[in-house]
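Chemist: Chains as they are written, first to last, in the numbering used here: chain W, 1 to 162; chain Y, 1001 to 1162.
In case anyone wonders, no lab produced these hints; they're calculated from the structure. One should not assume that every hint holds.
[To be verified] Straight-line distance between alpha carbons at most 27 Å, and here's what the computed DSSO-like set of lysine-lysine pairs gives:
| no. | chain 1 | residue 1 | chain 2 | residue 2 |
| --- | --- | --- | --- | --- |
| 1 | Y | K1082 | Y | K1151 |
| 2 | W | K138 | Y | K1072 |
| 3 | Y | K1072 | W | K94 |
| 4 | Y | K1136 | W | K136 |
| 5 | W | K94 | W | K22 |
| 6 | W | K151 | Y | K1076 |
| 7 | Y | K1094 | W | K72 |
| 8 | Y | K1031 | W | K76 |
| 9 | Y | K1136 | W | K151 |
| 10 | W | K22 | W | K51 |
| 11 | Y | K1094 | Y | K1082 |
| 12 | Y | K1051 | Y | K1094 |
| 13 | Y | K1044 | Y | K1151 |
| 14 | Y | K1044 | Y | K1031 |
| 15 | Y | K1094 | Y | K1044 |
| 16 | Y | K1031 | Y | K1072 |
| 17 | W | K136 | Y | K1051 |
| 18 | W | K76 | Y | K1094 |
| 19 | Y | K1151 | W | K94 |
| 20 | W | K72 | Y | K1022 |
| 21 | Y | K1138 | W | K151 |
| 22 | W | K151 | W | K76 |
| 23 | Y | K1072 | Y | K1138 |
| 24 | Y | K1031 | Y | K1151 |
| 25 | W | K31 | W | K44 |
| 26 | W | K136 | Y | K1022 |
| 27 | W | K72 | W | K44 |
| 28 | Y | K1044 | W | K51 |
| 29 | Y | K1022 | Y | K1044 |
| 30 | Y | K1031 | W | K151 |
| 31 | Y | K1051 | W | K72 |
| 32 | Y | K1094 | W | K31 |
| 33 | W | K94 | Y | K1031 |
| 34 | Y | K1044 | Y | K1072 |
| 35 | Y | K1082 | Y | K1022 |
There are 2 protein chains.
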Amino acid sequence: MTTHVCLTARALGADAVWVVEKDSALERAVKGVVERFGGPFAVKTGVGWRKAMEAFGGVKVHLTMYGEPLDKALPKIREAAKGGRVMVVVGASKVPGEVYGLADFNVAVASQPHSEVAALAVFLDRLGEGAWARRKFKGGRVAISPSARGKVVVPLGAAEEE
Amino acid sequence: MTTHVCLTARALGADAVWVVEKDSALERAVKGVVERFGGPFAVKTGVGWRKAMEAFGGVKVHLTMYGEPLDKALPKIREAAKGGRVMVVVGASKVPGEVYGLADFNVAVASQPHSEVAALAVFLDRLGEGAWARRKFKGGRVAISPSARGKVVVPLGAAEEE
């Protein structure tokens, strides 16, 4: 599940992901995707959530089904962020209550139980207005060439990498 | 992961989910959420994917990182669906090649490896233009009342259930 969170963050426009639990295998897996499909995208595990939230100089958004509706929160988040950095906090079912207070916004992508991966995906898509679709990853060894019917993976030479 | 797919489908506007692998525990878990938070939402496991895709009278969309870009495919899908039924097919990494042929559209929510849960979430949000936010679930025992700071779960009496 955490791997899905990390790769979703990368694919949908985040620059980095921080994970509370120390997990070297997860780091290797995410770095492997970055080496293969490009970056930049940073992954760090073993991060203290309280310190990280307190030290973050930007807008902190906690995604939770208990939060205020996405449609209502999004304009306020954009105004608060002013184009600057945004930290999105997601967790499994048991998120410490303190997170609700440290966050600038507690936001519900549906007031229904579903998935932190889904919530993160919809939030990033909405926040960036789909800009992930135009993002160019750099330094990877391969890229997927979109196709209506098959699987086309293109090896990248040095020429395409800069 | 499959539970996340099912609950994401429910929360973001689908009417039902069909799962290839027979899984009674998954059925119970999803039905439990429907009893608690409302429906209608149907779950069926042990469904043959080939038969289901062949028999479906509507537009079949297979989400895959190898497919054509979402932004390009979405208007075509809307035109083909004409407001009618849409089947969204997602799988883990190994989807049988035949699925690409049985689908009317193979669509990439990012030509990057990430998560079938994330892809489903963004696709449903985009297809329905966020209409899930206005959906009223019926017959549940509780509902979440959106809150900027805390967790508010409201028990539903008979009066609210109709």
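Chemist: So, for every hint listed, does it hold in this structure?
Modeler: Consistency of the hints with the structure:
{"no.": "1", "hint": "Y:K1082 with Y:K1151", "verdict": "violated, 39 Å"}
{"no.": "2", "hint": "W:K138 with Y:K1072", "verdict": "holds, 23 Å"}
{"no.": "3", "hint": "Y:K1072 with W:K94", "verdict": "violated, 39 Å"}
{"no.": "4", "hint": "Y:K1136 with W:K136", "verdict": "violated, 39 Å"}
{"no.": "5", "hint": "W:K94 with W:K22", "verdict": "holds, 18 Å"}
{"no.": "6", "hint": "W:K151 with Y:K1076", "verdict": "holds, 20 Å"}
{"no.": "7", "hint": "Y:K1094 with W:K72", "verdict": "violated, 39 Å"}
{"no.": "8", "hint": "Y:K1031 with W:K76", "verdict": "violated, 36 Å"}
{"no.": "9", "hint": "Y:K1136 with W:K151", "verdict": "violated, 39 Å"}
{"no.": "10", "hint": "W:K22 with W:K51", "verdict": "holds, 15 Å"}
{"no.": "11", "hint": "Y:K1094 with Y:K1082", "verdict": "violated, 31 Å"}
{"no.": "12", "hint": "Y:K1051 with Y:K1094", "verdict": "holds, 19 Å"}
{"no.": "13", "hint": "Y:K1044 with Y:K1151", "verdict": "violated, 31 Å"}
{"no.": "14", "hint": "Y:K1044 with Y:K1031", "verdict": "holds, 10 Å"}
{"no.": "15", "hint": "Y:K1094 with Y:K1044", "verdict": "holds, 21 Å"}
{"no.": "16", "hint": "Y:K1031 with Y:K1072", "verdict": "violated, 36 Å"}
{"no.": "17", "hint": "W:K136 with Y:K1051", "verdict": "violated, 39 Å"}
{"no.": "18", "hint": "W:K76 with Y:K1094", "verdict": "violated, 41 Å"}
{"no.": "19", "hint": "Y:K1151 with W:K94", "verdict": "holds, 12 Å"}
{"no.": "20", "hint": "W:K72 with Y:K1022", "verdict": "violated, 40 Å"}
{"no.": "21", "hint": "Y:K1138 with W:K151", "verdict": "violated, 42 Å"}
{"no.": "22", "hint": "W:K151 with W:K76", "verdict": "violated, 41 Å"}
{"no.": "23", "hint": "Y:K1072 with Y:K1138", "verdict": "violated, 35 Å"}
{"no.": "24", "hint": "Y:K1031 with Y:K1151", "verdict": "holds, 23 Å"}
{"no.": "25", "hint": "W:K31 with W:K44", "verdict": "holds, 10 Å"}
{"no.": "26", "hint": "W:K136 with Y:K1022", "verdict": "violated, 40 Å"}
{"no.": "27", "hint": "W:K72 with W:K44", "verdict": "violated, 31 Å"}
{"no.": "28", "hint": "Y:K1044 with W:K51", "verdict": "violated, 44 Å"}
{"no.": "29", "hint": "Y:K1022 with Y:K1044", "verdict": "holds, 8 Å"}
{"no.": "30", "hint": "Y:K1031 with W:K151", "verdict": "violated, 36 Å"}
{"no.": "31", "hint": "Y:K1051 with W:K72", "verdict": "violated, 42 Å"}
{"no.": "32", "hint": "Y:K1094 with W:K31", "verdict": "holds, 22 Å"}
{"no.": "33", "hint": "W:K94 with Y:K1031", "verdict": "holds, 22 Å"}
{"no.": "34", "hint": "Y:K1044 with Y:K1072", "verdict": "violated, 31 Å"}
{"no.": "35", "hint": "Y:K1082 with Y:K1022", "verdict": "violated, 32 Å"}
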